[in-house]
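Generate coordinates for the entire structure from the input sequences, incorporating the hints supplied.
For the protein sequence lines, the chains are P and A, in the order given. All residue numbers for the first sequence refer to the working numbering, where the first residue is 1 and numbers rise by one. All residue numbers for the second sequence refer to the working numbering, where the first residue is 1 and numbers rise by one.
Do not take every clue at face value.
As the list claims (entries may be wrong) - In silico DSS-like cross-links for lysine-lysine, where the CA-CA straight-line distance does not exceed 27 Å:
(1) P:Lys44 to A:Lys78
(2) P:Lys36 to A:Lys73
(3) A:Lys78 to P:Lys22
(4) A:Lys55 to P:Lys103
(5) P:Lys19 to P:Lys44
(6) A:Lys70 to P:Lys44
(7) P:Lys71 to P:Lys40
(8) P:Lys41 to P:Lys103
(9) P:Lys40 to A:Lys73
(10) P:Lys19 to P:Lys40
(11) P:Lys44 to P:Lys22
(12) A:Lys78 to P:Lys40
(13) A:Lys55 to P:Lys41
(14) P:Lys9 to P:Lys40
(15) A:Lys73 to P:Lys41
(16) P:Lys41 to P:Lys22
(17) P:Lys67 to P:Lys41
(18) P:Lys52 to P:Lys22
(19) P:Lys103 to A:Lys78
(20) A:Lys78 to P:Lys41
(21) A:Lys73 to P:Lys103
(22) P:Lys36 to P:Lys71
(23) P:Lys36 to P:Lys19
(24) P:Lys40 to P:Lys52
Unchecked claim - Calculated from the model, a selection of chain A residues having no Cβ within reach of chain P, i.e. all distances over 12 Å:
(25) Gln14
(26) Asp26
(27) Gln39
(28) Thr60
(29) Asn67
(30) Asp86
To be clear, the hints were calculated from the coordinates, so they are not data collected in a lab. For every residue, glycine included, the Cβ atom is placed at its ideal position computed from N, Cα and C.
So you can see what is in the structure, the chains are spelled out below.
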Amino acid sequence: DTAVSQTPKYLVTQMGNDKSIKCEQNLGHDTMYWYKQDSKKFLKIMFSYNNKELIINETVPNRFSPKSPDKAHLNLHINSLELGDSAVYFCASSNFAGTANEKLFFGSGTQLSVL
Amino acid sequence: AQTVTQSQPEMSVQEAETVTLSCTYDTSESDYYLFWYKQPPSRQMILVIRQEAYKQQNATENRFSVNFQKAAKSFSLKISDSQLGDAAMYFCAYPNTGNQFYFGTGTSLTVIP
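Below, the structure is given as structure tokens:
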């Protein structure tokens, strides 16, 4: 069983479209995250979310929005896609008991290509 | 603001030799954790090792060990007896108090047979 699964693995779409990436974790973790990895392999936090709080990195455009139907899922919606959104998007999860010591479990990534 | 710096974009090592990857970080916290993650060509992010800042003893996991210098805010990764499967991007990471991880820019490690 995959601990953190995200779909699709690859997503090719036209500029201006709206798309979603789904993420599910079966680890019972209380916190989920989205990270963006650009073409230079730089990994940057976009969001973290648990049932109490959504923390949004200030540099993330409001075209990006996380949606969590329940504790095990955190989907990423992207509106009006732009060329610069092309990247690999990683979902991750961890338990966060108020101390920053829990490792992240990552999904296998979604490579988004905007044409 | 927390920052993590990896000053070596690329490194190479002969198979069976030892290599050290550098990482420095900035934080005003006194108690924290540091991590090294590996990303092979498969793209999967894999935890290599974790260090607790309040522990003076350097963490080790089989062939992987760290040299943690708290005062210098340095956290290097040593890979001993390098194997072909060690070829990957290696990321140093620091989680803030909200457990949001800040990653360095990565070091691409090549293992030469």
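Problem set entry | Hints not upheld, ascending by number | Hints 3, 7, 13, 24, 27 contradicted; others consistent.
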